[in-house]
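Read off the chains here:
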Amino acid sequence: MRVAVIGLDCAAPELIFHKLKDYLPNLSMMTEAGISGKLRSCDPPITVPAWMVMSTGRSPGELGLYGFRSRVPNSYNDIKIPTSQDIKFDTVWDILGKRNKRSIIIAVPPSYPPKPVPGLLVTDFLTPDTNKEFTYPPGLKNDILRDFPDYKFDVKFRKPEKKQILDEIYRMTDTRFRMAEKMLKEKQWDFFFMVEIGIDRIHHSFWRYIDEESHLYENDPEMKEKFISYFKMVDSHIGKMLEQFDEDTVVLIVSDHGAKAMKGAFAFNQWLIKEGYLKLNGNIPKQGASLDELDIDWSHSKAWAWGGYYARVFLNIKGREPEGIIDVRDVKKELEILKEKIKSIKGPNGEEWKTRVFEPEEAYPVVNGDRSDLFVYLDDLSWRTAGTVGYDTDYLLENDTGPDDAVHDYDGIYIMYRKNKKIGKVIDSTIFRIAPTILEFYRVRKMYGMQGKPLEGFDYFE
Amino acid sequence: MVTDKKYTTVSLPTPLFEKIQEKIKGTGFTSVSDYVTFVLREILTHGTDQEAFNAEDEKKVKDRLRSLGYLD
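Top line first, the protein sequences correspond to chains H and D.
In this text, residue positions in the first sequence follow the working numbering: the first is 1023, and each later residue adds one.
In this text, residue positions in the second sequence follow the working numbering: the first is 198, and each later residue adds one.
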């Protein structure tokens, strides 16, 4: 028995199981034959840390990973991009490797720089470029660049050239799948895990063409068609992989989080300035100025925020931050006051928001690494956070940086399938159950402190 | 020693070599060298605090993340 995991970053239940179902013969067949459902992501439901939660069975708190950047401890805005070296727990392929199982691992974030694995590893979209060592063993890089010279880790967005970007994402995904199919065919493997980031990029930039409910909705049949043909291409590659898998292979299609229409971006630091939490020396230099571009009077500032799909709010604490002013004994009280203020933020037309605010200690049993004091999901993630300032309003209808049509949603998807098994059940589950499920199929029952149990119904596939 | 060669030889006590040979039978490791390389790399990556990115690499990744709207 072996397991093949095909990760579709950001694949959303509404699209895969409903809206696009008829265009996706392979995924639909697997859904009908296997066990499938929504897969509740971790908090925060973001690519980093979610794929590592899936791969290690550990919470973001244990991993000490809370997003695409970590703060350099004691700094205000010095950031560090997470790398494979930040992962201090064994992944499922590490655990299987100790039992002499060979794995093929492709683009599971964060996996740069490449760590040794018994088998083959290609790093993820946080790799600088293909000039770097991006494989294990190192020689694999040459084979990949020989066969797939235009191999790409990710795309870079240039706002006005939407059609070209879509084509670029299409080619990137197509190439990665072709590479994966070649490796599956030619290399020896006991475990396979790949992640395709293109789906996430497509959602963020082109959601407006398929979601009539979105305030950004554009009726553009050509773009809609392109969006759909991207998914058809992904589905046909999954079909090609299925041809290679025998009856003894359990296939898991998974996503790390879902997506929904972005309602807008809320200029959080601008709000903190108005509320008296963040003080500036002088004027705001320009519209859209980032924290780095502001002259902040830290000795009179109580809090600041980082933007993204959720807001990270930091208090300026005496002894922790360079110019901290909040006494450590007052932190609890200050947090309670700020939480209430954040919860009372209303929408642009005075509508109530379903905002969630929590301290990391409330979300995780263990909290490692440098984290913000508060995590904020504005209007249940429908509004993203802009960290930049200098706008006429706190409510921006477009994102402050980069293009964005979609925000993240809590629920991703999973489909568990094995050839010639007809089960056809829908059972919603959580991301914490993926690593234990994989190990269960290899009869590894020592769960290494993972909190989840194998997916319900996994035993139908044994 | 600095060399342009991709591989070089190290000496192992014969009984250890044989023990490894025995251990990797029927596994994915195709040779003792394969196994020893894996184990040593594992120890070295876990045992060092070397920076993963140099300044230029980090800028490249940050620029891309910024263009995707992940930073700020």
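What the hints contain is simulated information worked out from the structure, not anything from laboratory work.
Quick caveat, the model's predicted, so the values are computed rather than measured.
Heads up, a few of these hints could be off.
Claimed, not checked - Here are the computed lysine-lysine pairs in the PhoX-like style, where the Cα-Cα straight-line distance is at most 25 Å:
id: 1; chain 1: H; residue 1: Lys1120; chain 2: H; residue 2: Lys1209
id: 2; chain 1: H; residue 1: Lys1246; chain 2: H; residue 2: Lys1209
id: 3; chain 1: H; residue 1: Lys1120; chain 2: D; residue 2: Lys202
id: 4; chain 1: H; residue 1: Lys1163; chain 2: D; residue 2: Lys202
id: 5; chain 1: H; residue 1: Lys1207; chain 2: H; residue 2: Lys1120
id: 6; chain 1: H; residue 1: Lys1207; chain 2: H; residue 2: Lys1178
id: 7; chain 1: H; residue 1: Lys1154; chain 2: D; residue 2: Lys216
id: 8; chain 1: H; residue 1: Lys1308; chain 2: D; residue 2: Lys256
id: 9; chain 1: D; residue 1: Lys256; chain 2: H; residue 2: Lys1178
id: 10; chain 1: H; residue 1: Lys1209; chain 2: D; residue 2: Lys222
id: 11; chain 1: H; residue 1: Lys1102; chain 2: D; residue 2: Lys259
id: 12; chain 1: D; residue 1: Lys257; chain 2: H; residue 2: Lys1185
id: 13; chain 1: D; residue 1: Lys257; chain 2: H; residue 2: Lys1163
id: 14; chain 1: H; residue 1: Lys1441; chain 2: H; residue 2: Lys1204
id: 15; chain 1: H; residue 1: Lys1154; chain 2: D; residue 2: Lys257
id: 16; chain 1: H; residue 1: Lys1207; chain 2: D; residue 2: Lys222
id: 17; chain 1: H; residue 1: Lys1174; chain 2: D; residue 2: Lys222
id: 18; chain 1: D; residue 1: Lys256; chain 2: H; residue 2: Lys1163
id: 19; chain 1: H; residue 1: Lys1178; chain 2: H; residue 2: Lys1102
id: 20; chain 1: H; residue 1: Lys1163; chain 2: D; residue 2: Lys216
Against the structure, the hints:
no., hint, result
1, Lys1120(H) x Lys1209(H), "holds (19 Å)"
2, Lys1246(H) x Lys1209(H), "violated (37 Å)"
3, Lys1120(H) x Lys202(D), "violated (30 Å)"
4, Lys1163(H) x Lys202(D), "holds (18 Å)"
5, Lys1207(H) x Lys1120(H), "holds (24 Å)"
6, Lys1207(H) x Lys1178(H), "violated (31 Å)"
7, Lys1154(H) x Lys216(D), "violated (36 Å)"
8, Lys1308(H) x Lys256(D), "holds (23 Å)"
9, Lys256(D) x Lys1178(H), "holds (13 Å)"
10, Lys1209(H) x Lys222(D), "holds (18 Å)"
11, Lys1102(H) x Lys259(D), "holds (9 Å)"
12, Lys257(D) x Lys1185(H), "holds (23 Å)"
13, Lys257(D) x Lys1163(H), "holds (20 Å)"
14, Lys1441(H) x Lys1204(H), "holds (21 Å)"
15, Lys1154(H) x Lys257(D), "holds (12 Å)"
16, Lys1207(H) x Lys222(D), "holds (23 Å)"
17, Lys1174(H) x Lys222(D), "violated (37 Å)"
18, Lys256(D) x Lys1163(H), "holds (23 Å)"
19, Lys1178(H) x Lys1102(H), "holds (20 Å)"
20, Lys1163(H) x Lys216(D), "violated (32 Å)"
The structure fails hints 2, 3, 6, 7, 17 and 20 (numbered hints given earlier, in ascending order).
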